[in-house]
Amino acid sequence: MENGKTLSAKAIEEEAIRGCIAGDARAFETLYNLHKRRVYSLCLRMVNSPAEAEDLAQEAFMQLFRKIGTFRGESAFSTWLHRLTVNIVLMHLRKKGLDETSLDQEPDDEDDLPKKEYGSADLNLAGAVDRVTLEQAIAGLPKGYRTIFLLHDVEGYEHNEIADIVGCSVGNSKSQLFKARLKLRAYLEAKGKLFEKKQTKASFKPVSLSNRHGSSG
Amino acid sequence: MKCIEMQSRISDWVDGDPAGMELESHLRTCQACASFHADVTALKQQASTLDLIDPPGRLWNNLRSQLVSEGVIRVQAEKQSFWRGLLSGVWIPSLKPAFSGAILALLFSTAFFYYYVQRDAQPAKVSSEAQVFQELRQAELHYQQAIEALSEVSRRKIETLDPAMAQILNDNLATMDYYVKECQNAVKSNPDNPLVHRYLLTAYQKKIEIMQSIVNSDVL
Numbered sequence: 001m002e003n004g005k006t007l008s009a010k011a012i013e014e015e016a017i018r019g020c021i022a023g024d025a026r027a028f029e030t031l032y033n034l035h036k037r038r039v040y041s042l043c044l045r046m047v048n049s050p051a052e053a054e055d056l057a058q059e060a061f062m063q064l065f066r067k068i069g070t071f072r073g074e075s076a077f078s079t080w081l082h083r084l085t086v087n088i089v090l091m092h093l094r095k096k097g098l099d100e101t102s103l104d105q106e107p108d109d110e111d112d113l114p115k116k117e118y119g120s121a122d123l124n125l126a127g128a129v130d131r132v133t134l135e136q137a138i139a140g141l142p143k144g145y146r147t148i149f150l151l152h153d154v155e156g157y158e159h160n161e162i163a164d165i166v167g168c169s170v171g172n173s174k175s176q177l178f179k180a181r182l183k184l185r186a187y188l189e190a191k192g193k194l195f196e197k198k199q200t201k202a203s204f205k206p207v208s209l210s211n212r213h214g215s216s217g
Numbered sequence: 001m002k003c004i005e006m007q008s009r010i011s012d013w014v015d016g017d018p019a020g021m022e023l024e025s026h027l028r029t030c031q032a033c034a035s036f037h038a039d040v041t042a043l044k045q046q047a048s049t050l051d052l053i054d055p056p057g058r059l060w061n062n063l064r065s066q067l068v069s070e071g072v073i074r075v076q077a078e079k080q081s082f083w084r085g086l087l088s089g090v091w092i093p094s095l096k097p098a099f100s101g102a103i104l105a106l107l108f109s110t111a112f113f114y115y116y117v118q119r120d121a122q123p124a125k126v127s128s129e130a131q132v133f134q135e136l137r138q139a140e141l142h143y144q145q146a147i148e149a150l151s152e153v154s155r156r157k158i159e160t161l162d163p164a165m166a167q168i169l170n171d172n173l174a175t176m177d178y179y180v181k182e183c184q185n186a187v188k189s190n191p192d193n194p195l196v197h198r199y200l201l202t203a204y205q206k207k208i209e210i211m212q213s214i215v216n217s218d219v220l
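Chains as they are written, first to last, in my numbering: chain U, 1 to 217; chain G, 1 to 220.
For the record, the hints were derived by calculation from the structure and aren't laboratory data.
Quick caveat, the model's predicted, so the values are computed rather than measured.
Keep in mind that the hints are not guaranteed to be accurate.
Stated by the list, open to error - The list that follows gives simulated cross-link-like pairs (lysine-lysine, DSS-like), each with its CA atoms no further than 30 Å apart:
| # | chain 1 | residue 1 | chain 2 | residue 2 |
| --- | --- | --- | --- | --- |
| 1 | U | K191 | G | K2 |
| 2 | U | K36 | U | K10 |
| 3 | U | K67 | U | K96 |
| 4 | U | K96 | U | K36 |
| 5 | G | K206 | G | K157 |
| 6 | U | K95 | U | K36 |
| 7 | G | K206 | G | K181 |
| 8 | U | K10 | U | K67 |
| 9 | U | K67 | U | K95 |
| 10 | U | K36 | U | K67 |
| 11 | G | K44 | U | K10 |
| 12 | U | K36 | G | K157 |
| 13 | G | K157 | G | K181 |
| 14 | U | K36 | G | K44 |
| 15 | U | K191 | G | K44 |
To be verified - Covered by chain U, according to a simulated footprint, are these stretches of chain G (three or more residues, beta-carbon under 8 Å):
| # | region |
| --- | --- |
| 16 | 11-25 |
| 17 | 43-51 |
To be verified - Beta-carbon label-pair distances, calculated as ranges:
| # | chain 1 | residue 1 | chain 2 | residue 2 | range |
| --- | --- | --- | --- | --- | --- |
| 18 | U | G23 | G | N190 | 56 to 62 Å |
| 19 | G | D51 | U | A51 | 18 to 24 Å |
| 20 | U | F71 | G | S151 | 44 to 50 Å |
| 21 | G | Q45 | U | N48 | 20 to 26 Å |
Virtual Cβ for every residue (Gly too), placed ideally from N, Cα, C.
Could you put the whole structure together from the sequences, leaning on the hints where they help?
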């Protein structure tokens, strides 16, 4: 459901897109201001380097403005922009040959998974993980896991949208997200001080399946 | 079904997939998987609250320059003051030494111009030493008041910039402070030399112009 504010932002965005197509300098600045934080944040979290993130965000916006005439509105503009940004960052990472965990890799490589967590005690993460630690944990993920985790759990995209953005299957997106979560959990567990390992079998309460989780949208 | 397989399904369930009977019965009996469920739920919730990060201000300036240079956007020629144009150069860190050097070169050339023109063209003007010093002191006070008035505002403006940019501007202002100090020393050593008087006043004037550019510039 869209409220008035969202509609207004959407109207501003649409007008800015039309202005950009017409070559209006102010429209470019408007569109940049609407999306600069999300694009830069995504770049920064994906590459973990402010200087590289700045270059990549600039390249993403340059490509956006060069190609904006081809935007037909089949998908949300932000999805289009994110797909473009992710592709630029992934291309950059491929050129650098950094920690390779391919987005096309099937999730059957159990050697890549952390070993401890399957039978480990409850980490009781709720409210315990501060944002800085979580940022560090995300930064330590292999790029494939990191990309999917950022798009899904941070940016709020659905798996079908992610599949569209990064060019993989929905199943692959799900499995990469699962691996990312396992790794993050293992990292956070290693940070021991953040967790309260007080829960015992005696205090164990089964999960209520009526507690249906909504998607993040 | 092993816990690792169950946890994969739990991850999907947290994102909205249906649970199923097998998962339901497993979660009733398996503490490890119940813990995993709680952790993933917390992790997902916490991840969704991570802050967005503002890019540095120069990103738009660089982007805009590239858009203009590639002809993607056309901008009308803006009337830009000399000093604002000069100041915009310091966005590029590598131009910092050139920026400071250009200011000093300008000051020296101005001073030498006056030196040669006045030495050749000026008849011997006689004014008392006291009167010259009084005029110089008045001019100095005038400039110092202007600098004082601008310093707080420019300092606050610089504080809003990213640290690298702020460092460059502060370095440039410090260069002018150093130059003012050198000129003051030169006046003490050569009180009768009109050249060093002009050096000093020009240094004040240029510092004020830089501060005005910082305060007024919408680029910053």
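For each hint, the structure was consulted:
Of the pairs offered as hints, the one joining K191/U and K2/G holds, with about 27 Å between alpha carbons and a cut-off of 30 Å not exceeded. Between K36/U and K10/U, the direct Cα distance comes to roughly 16 Å. Compliance with the 30 Å bound is thereby established for this hinted pair. Simply put, K67/U and K96/U have alpha-carbon atoms about 25 Å apart, close enough for the 30 Å limit, and the pair holds. With a C-alpha separation of about 24 Å, the suggested pair K96/U and K36/U falls inside the 30 Å cut-off, and the hint holds.
Annotation: proposed proximity of K206/G to K157/G holds, straight-line Cα distance about 19 Å (limit 30 Å). With a CA separation close to 24 Å, the supplied pair K95/U and K36/U stays within the 30 Å bound. Between K206/G and K181/G, the direct Cα distance comes to roughly 14 Å. Compliance with the 30 Å bound is thereby established for this hinted pair. This hinted pair checks out: K10/U and K67/U have alpha carbons roughly 20 Å apart, not beyond 30 Å.
A C-alpha spacing of about 23 Å is found between K67/U and K95/U, which places the hinted pair at or below 30 Å, so the restraint holds. Restraint check: the Cα-Cα separation between K36/U and K67/U comes to about 17 Å, which is no more than 30 Å; the hinted pair holds. At most 30 Å may separate the alpha-carbon atoms for a hinted pair to count; K44/G and K10/U meet this at roughly 27 Å. With a C-alpha separation of about 22 Å, the suggested pairing of K36/U with K157/G holds against the 30 Å cut-off.
The hinted pair formed by K157/G and K181/G meets the criterion: a straight-line CA distance of about 25 Å does not exceed 30 Å. A threshold of 30 Å between alpha carbons decides the hint, and for K36/U with K44/G the separation of about 24 Å falls inside it, so the pair holds. For the proposed pair K191/U and K44/G, the alpha carbon gap of about 18 Å is at most 30 Å, so the pair holds. By the rule of at least three residues with a Cβ nearer than 8 Å to a Cβ of chain U, the coverage given for the region 11-25 of chain G holds, with 9 such residues.
Note: the region 43-51 of chain G has 9 residues with beta-carbon separation from chain U under 8 Å; the three-residue rule is met and the coverage holds. Roughly 59 Å separates the CB atoms of G23/U and N190/G, a value that falls within the hinted 56 to 62 Å. The hinted window of 18 to 24 Å between D51/G and A51/U holds, with their beta carbons roughly 20 Å apart. Distance hint check for F71/U and S151/G: the Cβ-Cβ separation is about 48 Å, which falls inside the suggested range of 44 to 50 Å.
The given range of 20 to 26 Å is respected by Q45/G and N48/U, whose C-beta atoms sit roughly 23 Å from each other.
Checked against the numbered hints above, the structure violates none of them.
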